[in-house]
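Undergrad: Could you slot chain B onto chain A? The hints should help.
The listed protein sequences correspond, in order, to chains A and B. Going by my numbering, the first sequence wraps up at 497, each residue one higher than the last. Going by my numbering, the second sequence wraps up at 453, each residue one higher than the last.
Any given hint could be a false lead.
[Unchecked claim] Quick list of in silico lysine-lysine cross-link-like pairs, DSBU-like style, CA-CA up to 35 Å:
{"#": "1", "chain 1": "B", "residue 1": "K141", "chain 2": "A", "residue 2": "K123"}
{"#": "2", "chain 1": "B", "residue 1": "K221", "chain 2": "B", "residue 2": "K194"}
{"#": "3", "chain 1": "A", "residue 1": "K233", "chain 2": "B", "residue 2": "K353"}
{"#": "4", "chain 1": "B", "residue 1": "K289", "chain 2": "B", "residue 2": "K358"}
{"#": "5", "chain 1": "B", "residue 1": "K198", "chain 2": "A", "residue 2": "K97"}
{"#": "6", "chain 1": "A", "residue 1": "K97", "chain 2": "A", "residue 2": "K123"}
{"#": "7", "chain 1": "B", "residue 1": "K177", "chain 2": "A", "residue 2": "K123"}
{"#": "8", "chain 1": "A", "residue 1": "K240", "chain 2": "B", "residue 2": "K396"}
{"#": "9", "chain 1": "A", "residue 1": "K96", "chain 2": "B", "residue 2": "K191"}
{"#": "10", "chain 1": "B", "residue 1": "K233", "chain 2": "A", "residue 2": "K240"}
Hints listed in this document are in silico derivations from the structure and should not be mistaken for laboratory results.
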Amino acid sequence: MGRKLLLEHLNKANINTMEGYLQNGGYRSVEKALKKMTPDEVTEEVKKSGLRGRGGAGFATGMKWSFLDRNSGKPRYLLCNADESEPGTFKDRLLMEKIPHLLIEGMIVSSYALGCRTSYIYIRGEYMFILRILEKAIAEAYAKGYLGENILGSGYSLDLHVHPGAGAYICGEETALIESLEGKRGNPRIKPPFPAIAGLWGCPTIVNNVESIAAVVPIINDGGDEYAKIGIGKSTGTKLISASGNINKPGVYEIEMGISVEEFIYSDEYCGGIKNNLELKACVPGGSSVPILPNHLLLKMSDGNPRLMTYESLSEGGFATGSMLGSGGFIVYDEKACIVRNTWNFARFYHHESCGQCSPCREGTGWMERVLHNIEYGHGKMEDIDLLWDIQRKIEGNTICPLGDAAAWPVAAAIRHFRHEFEYHVKYPNRVFDEDHVYQPEMKMQKV
Amino acid sequence: MPKVTIDDITIDVPAGTTILEAARMIGENVPPAMCYYSKLKGSGGKCRVCLVKVTKGSEKDPRPMPKLVASCRTAVMDGMEVKNVTSPEVIEARKGVVEFLLVNHPLDCPVCDQAGECHLQDLSYEHGAAKSRYEFKRRTFETRDIGDKIKLHMNRCILCYRCTQVADQLTDQRVHGVLGRGEVSEISTYIETAIDNEFSGNMIDVCPVGALTDKTFRFKSRVWFTKPVYAHRNCTKCTGKVTLWYQGEEVLRVTSRKDQWGESEAFICNECRYDKKATSDWKIEGPAHVDRHSVISQNHYELPFELPVTQKKLQ
Numbered sequence: 050m051g052r053k054l055l056l057e058h059l060n061k062a063n064i065n066t067m068e069g070y071l072q073n074g075g076y077r078s079v080e081k082a083l084k085k086m087t088p089d090e091v092t093e094e095v096k097k098s099g100l101r102g103r104g105g106a107g108f109a110t111g112m113k114w115s116f117l118d119r120n121s122g123k124p125r126y127l128l129c130n131a132d133e134s135e136p137g138t139f140k141d142r143l144l145m146e147k148i149p150h151l152l153i154e155g156m157i158v159s160s161y162a163l164g165c166r167t168s169y170i171y172i173r174g175e176y177m178f179i180l181r182i183l184e185k186a187i188a189e190a191y192a193k194g195y196l197g198e199n200i201l202g203s204g205y206s207l208d209l210h211v212h213p214g215a216g217a218y219i220c221g222e223e224t225a226l227i228e229s230l231e232g233k234r235g236n237p238r239i240k241p242p243f244p245a246i247a248g249l250w251g252c253p254t255i256v257n258n259v260e261s262i263a264a265v266v267p268i269i270n271d272g273g274d275e276y277a278k279i280g281i282g283k284s285t286g287t288k289l290i291s292a293s294g295n296i297n298k299p300g301v302y303e304i305e306m307g308i309s310v311e312e313f314i315y316s317d318e319y320c321g322g323i324k325n326n327l328e329l330k331a332c333v334p335g336g337s338s339v340p341i342l343p344n345h346l347l348l349k350m351s352d353g354n355p356r357l358m359t360y361e362s363l364s365e366g367g368f369a370t371g372s373m374l375g376s377g378g379f380i381v382y383d384e385k386a387c388i389v390r391n392t393w394n395f396a397r398f399y400h401h402e403s404c405g406q407c408s409p410c411r412e413g414t415g416w417m418e419r420v421l422h423n424i425e426y427g428h429g430k431m432e433d434i435d436l437l438w439d440i441q442r443k444i445e446g447n448t449i450c451p452l453g454d455a456a457a458w459p460v461a462a463a464i465r466h467f468r469h470e471f472e473y474h475v476k477y478p479n480r481v482f483d484e485d486h487v488y489q490p491e492m493k494m495q496k497v
Numbered sequence: 139m140p141k142v143t144i145d146d147i148t149i150d151v152p153a154g155t156t157i158l159e160a161a162r163m164i165g166e167n168v169p170p171a172m173c174y175y176s177k178l179k180g181s182g183g184k185c186r187v188c189l190v191k192v193t194k195g196s197e198k199d200p201r202p203m204p205k206l207v208a209s210c211r212t213a214v215m216d217g218m219e220v221k222n223v224t225s226p227e228v229i230e231a232r233k234g235v236v237e238f239l240l241v242n243h244p245l246d247c248p249v250c251d252q253a254g255e256c257h258l259q260d261l262s263y264e265h266g267a268a269k270s271r272y273e274f275k276r277r278t279f280e281t282r283d284i285g286d287k288i289k290l291h292m293n294r295c296i297l298c299y300r301c302t303q304v305a306d307q308l309t310d311q312r313v314h315g316v317l318g319r320g321e322v323s324e325i326s327t328y329i330e331t332a333i334d335n336e337f338s339g340n341m342i343d344v345c346p347v348g349a350l351t352d353k354t355f356r357f358k359s360r361v362w363f364t365k366p367v368y369a370h371r372n373c374t375k376c377t378g379k380v381t382l383w384y385q386g387e388e389v390l391r392v393t394s395r396k397d398q399w400g401e402s403e404a405f406i407c408n409e410c411r412y413d414k415k416a417t418s419d420w421k422i423e424g425p426a427h428v429d430r431h432s433v434i435s436q437n438h439y440e441l442p443f444e445l446p447v448t449q450k451k452l453q
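Same shape as in the complex, but just chain B:
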C-alpha cells in the first residue's frame, strides 16, 4: 500500500487513491473541492481550488513536481510528500482561484436559495479577499428552465461540469451539456430540450452553487430556517433514503442525504424528490447529521421573529 504524507501526517492508502481522497481519509486540512464529486466518473480537475504542492514525487523518483497539481485527479505514489495548508504557495494560488471564481459570480446570496449550503460561499469566506478587484461588468444570462422542476441561473454557474456528468452517467439520453466557450460558455439543454427523466433532480444536489435550484422550493424559505430530518420510504427506483427539510409541519423540500464532504450518499429519484411532500409518505428516522460548518449545523432552526414574507405565506 502506498504511503503518503500530507501536511506532515502520514497514511497508508490503497493504490490508485487520489491525494484528495487520501486527505479525506486523514480528515484534517482537506483541500476544498468545487468540481470533484467522488460518485461521478471523470469529475474533477477543473475548478483548481484543490491545488496542492507535491514536494516529493515518490520514493523512486523523489523530485518535486514542477507545478501545483489538482489533488482530486493526481494519484498518490509510494513515499509522496504533499503540502496543502502548510504551503504558502498553495494558499496563495487557492486565494487566486477563489477570486477568479468570484469574478463572474453574482453576489446575490441574499436572494439565492443555495445560501447557507453553498460551497462557494464557504470557500470565499475561508479564502477570499473581502473586496473584489474586478471592476467590470459581469457576464449575464437569462434564467432558464431545465425541465419543469429545475431552474437554471447561469449567472451563478462556476462551470464545474458536475450536472452534465449526472446527465451523462445517471440518465439514458444525454440532452444536456456545455455550449460556447470561455467565460461565456453555458450549461444548456440541447436546443432547449427539457430534461425529462427520473433522476434529473440530482443535478440540483450536485450543483455546488445556486445555479440549479429546485423550482418547488424556490423562495419558500431560507435553508437555515428549515429543519433537516432523515427519512426513508420503499421506492422502486432509488434507495428511498432522503433528507426532508421541514418548516413547522410542512415538508418544503426533499434532497438526497449529504455526507461530510457535501456529496450525496445515494442519488434519489424525482418521485421521492418532488412528489412525496407529506410526512405520511415517509418513515422518519430522526434529525439529520449535518457535519458541515454551515449555519445549519449551528442548530438555530427557529425564526427569531416572524418575517413579513413568512407571515404572508402562512395566511
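Excised from the complex, chain A in its bound form:
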C-alpha cells in the first residue's frame, strides 16, 4: 500500500465536520505555521518539497509563490482554482466534498505564506452542492477562530470566500478565472503581465489548484524534505488520479509518484485491470487535453523501461511517443473503444467551450469538430485526415491561452497513433456502426 497524505482520513466518521477533522489531527499545520514559522519559512518548506502544480501544467508551486510581487504595496490574493472541468478529472470534487477542511486548512497556511488578507475559492457552478459544503466548513472555521481576525492569537487575519463560476471550462484558465471573479466575461487575459505581478483587480495574485493547496498541509506537518522523499526525481509526493473508462474499479486514487503505469492499471489496489477481460488499447493519462497513447507506448518508454506515473516519465519522448501527467484524469480504453468517436467527443467539448476571443481557437475548434463528425458518421474523405492535421497544427501555439493547445493535442495524437482507424472509417463508412465491428487484420492494434 502506498502512502496516503491527502485521502488518509477519507473514510473516518464525520471527517467533513470540524470535530471529526480535529480528531484526526486537523489544523495542526495552521498551529505550526502561524505560531512557529515565518511566512518565508513556509514558502521555503513548499520549495523544498518539490511540489508541482496539480492543475495540469506541473509548474513548481514554491517557484510560483516566489514570483509573487511582495513589494508592490498592494494587497495580495490567493485564489484557489476549484473550476475543475477537464473531462476525465474529478479528483478535486472528492477532496472538497469529503474533506472540505483540508482545503481550508491549506488555504490558511498558503495565504499566510503569501501574506494575503483575503483569499477566494473559485468553484465551478456545477459544484453548487460542494459550495454549500465549503461554506458550512468555512463557517465552522470562523467559529473556531481559524479564520477571521487575529487567528489563534498570532496577529494574522484572513477572510476566505467561496465564489461560484457560471459554467465555463475556460474559467479554469487562471487569467479567465480572475476576470470572472472580477465580474467580467471570462476571457483569458493576454500575458504578460502574469497574475503574480498584476492579477485580481490589478494586484499580485497566485492561482493554485485545489490539490496543490491541500498538499501544503502534509508538507507543513511533516516537513518539505519528508514530502520530497516520496516520488522520483522532480515528481515528488502523492498525486490524486481520477481513473475512468473501461476499467474494473474507476474512482479517485492517491498514488505515490513513481509507481508504474502497468501497476496502476492492473493491480487490484488501483484500477483492477480492464473490464470484461478485454485488452488495453489506449489511454489518455492526464485529462482530455493531453495526447492519447496506444498501449505499446503507454506501458513502456522508448528505452524499453516501464513507464512510470511521474511528470517526466509520462512525457518522455515528447509528443511523438509520450503524453503528459496533466491533471491526472486517467481515461482507459479497451480494444473495442473507437478512437475516432472519442476524438470527436473531445473536439465537441472544446468547440463548445472555446471562449471565442481569438480566431484560431474560435473558428478552428468548430471546424475540427465538424470534420471529425463527418468521419465518424461515415461522410469522411481521405483528405479530411490531412486537413484535420493541418487545422490542429495552425491552432497549436497560436492562441492566447492554452485552450487552443488543449483542443489541438488530442486530435494530433489520435491521428499520429491511430491514423489507420481514421482511414478505416473513411474506407468502410457503414461498418463502424456495427455493435461489434472487427477491424481488418492490418487495422489490428499492436500487441505489447
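TA: Below, chain B without anything else, positioned relative to chain A:
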C-alpha cells in the same frame, strides 16, 4: 532606448513600445492588424494575424521565444530580434489565421458597404488561399440595428472587440458587449438597448470589416465611386476634422480621417457624422490622402458607365 531588429532592420524605440509599433516606425513589412487599434486601450492580441517570431528575446536573455507572439501586445526588449515576413513559419501561421477568419465570414463583398476599404479583403488578398477548405454551413445571424444609425451584420463580424472598446472608452454608459461564447458569440447591445450617445458612430469607423455599417450610407454607392475630401468645421464636441465622401455634388457620408494604418486620427461626434451632409456645413481642405493600397488610392473615381442603379437613384 531599446534597440530592436525586425526583418534585419534595426531601430531604436522608446521603452514599452510594442513590436508592431516598432515595425510601423520602420514602415516596411508591417505585420497586419485586425483587432489592434492604437487609440483604444487594451485592444489587440485577439485576431492573431500579427503573429511574429522572436528569434532572440533580448540582450540579457537571448533565448528565442518558444511560440509565435502577437506583435501588437508584446513589448520590445533591448536587443530583441524579430522575424516577420522573413520567417516562413510566420507566413504559414498568418495564412492559417486568415483562413480561420474566413471560415465563418460570408463572401458577400459584392453587396457589402465595406468592400474597397475592408481590411479583411486586403488581408485575404495578400495571404489567403484562393479556395476555402471549409465545406460546412457558416454561422448566421439576423441583421440588427444598434441605435438608429448603425446596422449590425453579425455574420461578417470577426470579433475584434474594437467596437466594444469604443463603447467602453468613448462613451459614458456601456450598453454594448459580447454575448455567448465560441464561434456563436455575438456583438450585442444589452437586452436590445439601442446605443444612444454622441460618439457611438465611431464604432463604424473602427470596424475592420462590414459588420457595422452606417445606415445613412448603406447601399448608396460603392466606396471606390466616392471621392474623399478633407474638411473641417467648428464643432463643440469633437475636433470637427473629417473626411467627406462625395459622389458628384452630393456628400454621401462623413467619416473620421484615417491614417496610413487605417486608424482614425481623431474620433468624431455623431452630429458631424450624420447631420452635416451639405457642402455648406464644411470648410473644404482638399483631396484626402489615402495611403492604403485599396482601390480608392488608384484615383479611378469616375464611373466607367452609368449603372442602372445610380440612374434610378438620380431620377
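Undergrad: Does each hint hold? Answer for all of them.
TA: Hints, one by one, checked against the model:
no.: 1; hint: B:K141 <-> A:K123; result: holds (33 Å)
no.: 2; hint: B:K221 <-> B:K194; result: holds (10 Å)
no.: 3; hint: A:K233 <-> B:K353; result: holds (31 Å)
no.: 4; hint: B:K289 <-> B:K358; result: holds (14 Å)
no.: 5; hint: B:K198 <-> A:K97; result: holds (29 Å)
no.: 6; hint: A:K97 <-> A:K123; result: holds (28 Å)
no.: 7; hint: B:K177 <-> A:K123; result: holds (29 Å)
no.: 8; hint: A:K240 <-> B:K396; result: holds (30 Å)
no.: 9; hint: A:K96 <-> B:K191; result: holds (34 Å)
no.: 10; hint: B:K233 <-> A:K240; result: holds (24 Å)
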